[in-house]
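Asks: Residue numbers (this note's numbering), protein chains in the order written: chain S, 1 to 331; chain A, 1 to 186; chain W, 1 to 703.
I should point out that these hints are in silico values taken from the structure, not numbers from a laboratory. The C-beta atom is built at its ideal place from N, Cα and C for all residues, glycine as well. Where hints are given, some of them may not hold.
What the hints assert, rightly or not - Covered, in the sense of this in silico footprint (three residues per stretch, anywhere, with C-beta under 8 Å from a C-beta of chain A), are these stretches of chain W: (1) 269-280; (2) 433-439.
As the list claims (entries may be wrong) - Which stretches of chain S does chain W cover? Using the computed rule of at least three CB atoms under 8 Å from a CB of chain W, they are: (3) 1-7; (4) 17-24; (5) 158-171; (6) 308-315.
Said to hold, decoys possible - In silico contact screen, one side only, chain W against chain S (beta carbon under 8 Å); selected entries: (7) Asp-379; (8) Asp-383; (9) Ala-616; (10) Val-632; (11) Ala-634; (12) Leu-694; (13) Pro-698.
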Amino acid sequence: MKPFGYVRAGSVEEAADAYASHPGARYLGGGTNLVDLMKLGVEQPATLVDVSRLPLDSVEELPAGALRIGATVRNSDLAAHPLVRDRYPVLSQALLAGASGQLRNIATTGGNLLQRTRCPYFQDTSKPCNKREPGSGCGARDGVHRDHAVLGHSPHCIATHPSDMAVALAALDAQVELYGADGERSVPAAEFHRLPGDHPECDTEIRPGEIITGVVLPATAAGLPSRYRKARDRASYAFALASVAAVLRVDDGVVQHVGVAFGALAHRPWRARRAEEALLGAAPTAAAFERAVDLELAAAQPLSDNAYKVGLARDLALDVLTRLAPPTTST
Amino acid sequence: METDTAHPTTGPPDHHHSEITLRVNGKPHTLTVDHRSVLLDVLREDLDLTGAKKGCDHGQCGACTVLVDGRRANSCLLPAVALDGGDITTVEGLGGDGEELHPLQRAFLDRDAFQCGYCTPGQICSAIGALAEAAAGHPSHVTDPGAPAGPPVALDRAEIRERLSGNLCRCGAYPNIVEAVEDVIP
Amino acid sequence: MSDTDTALGAPAERREGREKVTGTARYAAEHTVPGRVHAWPVTAAIACGAVRAIDTTEALRSAGVITVLTHENAPRLADADDPTLAVLQNSRVPHRGWPIALVVAETLEAARAGAAAVRVEYEAQDHDVTLTDSHPGAYVPEEANGGYPGHRERGAPEGAFASAAVRVDAAYRVPPLHNHPMEPHAATAQWDGHRLVVHDSSQGATAVRATLAALFRLPEDQVTVVAEHVGGGFGSKGTARPHVVLAAMAARRTGRPVTVVLPRRFLPALVGHRAPTLHRVRLGADEQGSLTALLHEVTTHTSRIKEFVEQAAVPARVMYASPHSRTTHRVVPLDVPSPSWMRAPGEAPGMFALESAMDELAVALGTDPVELRIANEPDTEPDSGKPFSSRHLVECLREGARRFGWAHRDPHPGPHSSGPLLVGSGVAAAVYPVLIQPSTATARALPNGNFTVRVNATDIGTGARTVLAQVAADALGVPLDRVRTEIGNSDLPSASLAGGSSGTASWGWAVHEACTRLRAGLAEHTGQLPEPGLTASADTAGTADADSDYARHAFGAHFAEVAVDTVTGEVRVRRLLGVYAAGHILNSRTARSQFIGGMTMGLGMALTEGSTMDAAFGDFTESDLAAYHVPVHADVPAVEAHWIDEDDPHLNPMGSKGIGEIGIVGTAAAIGNAVHHATGVRYRELPLTPDRVLTGLPSFMAR
């Protein structure tokens with residue numbers, strides 16, 4: 001770790017200004033991933049702009065029934081928030097399925113979204129990685145890739161995004177609020193993270209210097225049945241092998257609203273649009289769920305060591321959807 | 001107020017160092033820290049508080065767990081400079097004055113809840129944090145999602161195990177640790 | 001303190017417990033001597049070849065860096081009979097992760113930054129790190145680890161197997177595994193003229209002293225190695241490891257006390273690992289279930305610089321009666337890090353294979369697996385023909401079955417459904433040899449009525465301080481609180497290392513002998529003792545290590561209940577129960593903890609732990625504790641350990657067998673057998689992670 005400067009920002013504007021005036025700056029939220037990567041030499045900031053004390057640490061109800069989560073709300077506080085637990089249980093469950101109690105006390109909402117892949121080739125500066133060093137190659141493709149992507153990967157990168165929280169946000173149609181040189185804007189959570197394509201070094205749609213100020217959970221998903229399920233190598237404190245977040249509303253025997261997203265299958269939380277289209281307006285039967293999920297996963301292109309993920313994701317999605325469907329129709 | 005120099009080789013605050021104040025186990029310390037220094041290394045190297053352990057240095061084992069402003073946290077991932085003004089409690093600060101042990105420390109002895117002892121300070125600090133979280137109504141991965149938000153969460157063994165899963169123990173003292181924690185549940 | 005606390009077997013509380021729960025126990029990196037500096041290793045980024053050039057200019061320029069040691073400037077070491085310690089001596093790179101430089105700096109941060117600034121050019125050669133059972137480089141070693149013959153054969157095993165009425169022929173795979181003690185390998189070294197003082201995280205300071213004295217060409221009495229508190233080892237700190245050599249070199253060069261802590265990610269390559277083992281087990285039996293042929297053939301790897309052969313076929317020489325037997329090892333030298341000891345080397349992977357095969361045989365015969373084992377009890381040790389000093393495996397199986405409720409188990413293999421879960425239970429036997437090393441000890445009676453026992457034992461979490469005080473108090477016939485034990489320092493009477501489950505027997509024998517002599521001396525003494533008291537000493541060389549006419553082993557039985565999630569393939573252990581026959585148990589509290597700890601590591605071996613040798617890069621992919629899954633609290637449910645007290649006069653004065661390792665032996669097989677009982681599927685490769693389990697389930701394959 002090279003020596004670096006440190007600036008504590010008192011406001012969002014101050015943070016963006018500090019970032020702009022310090023070449024090589026990085027924002028410091030909880031630091032759980034950034035400090036980890038700095039120790040590995042993967043991240044080498046010249047200056048840390050500390051945004052962890054910005055006044056963005058509250059969860060507030062918006063007039064139309066939506067919920068805004070400040071970017072510095074800690075993962076543990078978000079998971080425990082009564083409104084989140086009550087209206088968006090999938091988000092609370094996803095958070096609690098990730099990391100450990102003490103890490104969730106540190107990690108922030110914004111930082112969770114911006115965490116990097118745990119691909120071992122990305123983390124090891126002695127190995128090629130197009131995400132870390134564009135053009136150097138992908139060590140994982142010919143290496144060990146049991147944990148890697150089966151959907152949407154590119155010849156340049158097969159990494160997955162490690163967040164549980166982001167999977168729930170994608171399924172919930174959340175919006176990520178950003179502030180930068182061009183002012184404020186918001187991006188759908190499901191589109192905030194990118195596919196690797198030719199530029200795996202870009203994880204997200206965030207622009208240089210932009211800062212996440214918050215996440216808005218829409219009123220449309222509030223109070224709907226929702227659920228998160230994750231499979232992992234040990235019972236706790238492990239990244240997902242595959243996970244699914246789903247929101248489902250069934251009225252009059254047909255699906256009126258559905259949001260499904262997969263975790264650990266792709267470079268971003270994988271919003272299952274095809275499956276959702278197939279389900280909207282359909283009766284929530286086991287056959288319909290199977291058809292929809294298979295339609296989505298037909299796009300999978302597993303590698304030699306990770307074909308299991310397709311079947312695992314299918315199982316998880318069918319299990320979660322079946323449990324969310326009203327009992328009378330879920331056969 | 002005690003004043004410590006973080007590193008004997010470094011001078012006054014400069015572009016890569018800052019002066020901060022930490023309250024550690026009730027005592028204020030004003031230090032000049034290298035921005036690269038994490039809380040764990042400041043505790044161990046500069047304040048000679050080696051109770052918090054370095055098992056992995058990357059937030060993957062929990063041996064470094066301390067209480068920051070009353071909440072448990074992995075001290076290996078916290079840049080010390082960002083904690084200026086913070087209140088830190090380490091395993092050395094849990095007991096009362098003199099020889100008095102914290103009830104959980106006593107329970108660890110009673111239950112033989114450790115072998116090599118290296119994860120022990122982190123387990124103890126983590127458990128104290130976890131008990132407070134449960135008392136504050138924080139759910140865990142194994143809490144019934146339908147449980148009402150707000151009231152304290154009752155800690156059965158599954159809850160204790162899940163909440164302490166951020167603290168690895170390679171000696172395999174887990175069942176004894178769970179018993180020790182049960183002993184101090186109010 | 002009551003007399004019952006004195007007796008051997010009492011649950012005496014750990015003597016260093018208070019220091020450990022208050023954080024005042026100091027480990028090797030925590031001896032903050034004035035002027036102490038830090039060093040950070042740089043390791044090789046190729047799997048085979050040499051360092052062509054190493055540029056330390058930028059590192060030396062970076063703030064706080066004092067010096068950089070490389071093979072070009074490091075102190076020359078003498079040969080110490082361990083090639084893994086010959087670090088920075090030449091440009092050769094025998095495997096990825098080999099140390100090629102050491103940056104010494106005023107602070108940890110500066111040392112890490114300095115290491116990142118070292119520039120290295122390599123001459124890389126093609127590497128081969130892939131173990132296969134048909135590898136052309138495989139050979140049968142003369143000896144496997146522990147000094148066991150590489151190959152043993154009795155009768156005509158091939159023919160007997162071919163003509164057996166019931167046969168099992170199965171291949172099992174155990175991946176590389178990592179010890180990962182919670183305290184990473186660390187040492188603080190300080191030179192005072194020609195004297196070297198080292199705080200080392202080690203399982204045996206006497207052996208480390210001998211190694212350092214040899215490497216640095218010093219008489220042993222000019223080296224002191226302290227290992228007061230050690231944060232686990234599980235074999236990986238059994239002998240000196242590179243970190244202590246690097247620390248001593250750096251301290252010599254800089255004239256400053258130097259601490260080296262290996263970063264966690266460096267451990268898999270630098271401190272030894274459990275080598276992967278490929279097993280073929282063939283069991284032939286008659287219709288009644290009596291074994292007629294037992295063949296266990298193991299292929300494993302070692303490094304290019306050191307032959308270490310995981311003795312995984314050895315337990316098959318002990319376990320079951322069979323007139324025809326072959327147990328053999330083949331080893332392939334590859335461009336991989338040197339394997340070494342990990343808790344129950346040989347027995348842990350070997351008994352996974354053998355005990356899984358026994359379960360398969362029970363299924364093939366339609367016999368209860370407990371009864372099958374009992375039916376094949378040998379009268380004498382099958383390989384040697386020696387009588388057993390004591391063998392209560394049958395009692396362990398019966399007592400375990402009773403406690404576990406085995407009688408209620410559905411005898412048929414699964415699938416056994418319980419909602420979305422498949423539930424099943426399994427059994428496996430355990431064995432671990434009695435190993436004893438010579439040691440020395442002194443015991444002193446002080447004028448104030450107290451006693452001091454001195455022996456360079458090491459407490460790596462076993463409770464050595466405590467149990468040795470019990471041994472001493474028992475031999476002296478005095479209350480426990482009158483005895484003080486001094487351990488963990490090579491200036492104390494020399495003693496063997498904490499390994500091979502031999503510590504308590506080896507140190508205890510010397511302590512017992514010294515205390516017995518002291519007691520006799522005190523009996524002859526009249527009046528007040530003069531200062532500094534009366535001392536007796538003991539050296540058990542020639543007695544403790546004398547050949548025995550008996551085959552001496554501890555035995556045990558493991559029972560497991562598992563639930564397999566058919567949605568995810570996740571396997572969770574619900575109950576784990578072990579019953580052991582390991583001589584007299586000398587401290588019921590710390591013994592139970594060790595048994596449970598071994599079983600927990602066995603649970604990890606079964607379900608969560610596995611490392612992958614990356615064929616492209618030549619290193620272990622799962623190099624940190626996020627990727628290498630040590631079990632967490634949530635993985636470990638009700639674990640029970642019980643024992644049958646044995647009265648065996650052929651062991652040592654305390655009548656004890658080792659207990660530190662047997663807990664891991666057979667646990668993985670019991671869990672694997674339970675998974676078979678639950679699912680009806682036999683998984684023969686560890687660990688039983690969701691990817692393997694899910695895709696093997698009939699419900700999954702039926703799609």
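Asks: A separate judgement is required for each hint: does it hold in the structure or not?
Replies: Hint check:
1. 269-280: Not satisfied, violated; 0 residues make the cut.
2. 433-439: violated (count 0)
3. 1-7: With 3 residues in contact (Cβ-Cβ under 8 Å with chain W), the coverage given for the region 1-7 of chain S holds.
4. 17-24: Coverage by chain W is violated here, the residue count being 0 at a Cβ distance below 8 Å.
5. 158-171: It is violated, with 0 qualifying residues against the three required.
6. 308-315: It holds: at least three residues are needed, and the region 308-315 of chain S offers 5 whose Cβ sits within less than 8 Å of chain W.
7. Asp-379: At 43 Å from the nearest chain S Cβ, W/Asp-379 fails the 8 Å test, so the hint is violated.
8. Asp-383: violated, 38 Å
9. Ala-616: holds, 5 Å
10. Val-632: holds, 5 Å
11. Ala-634: Result: holds, 4 Å to nearest chain S Cβ.
12. Leu-694: holds, 6 Å
13. Pro-698: violated, 13 Å
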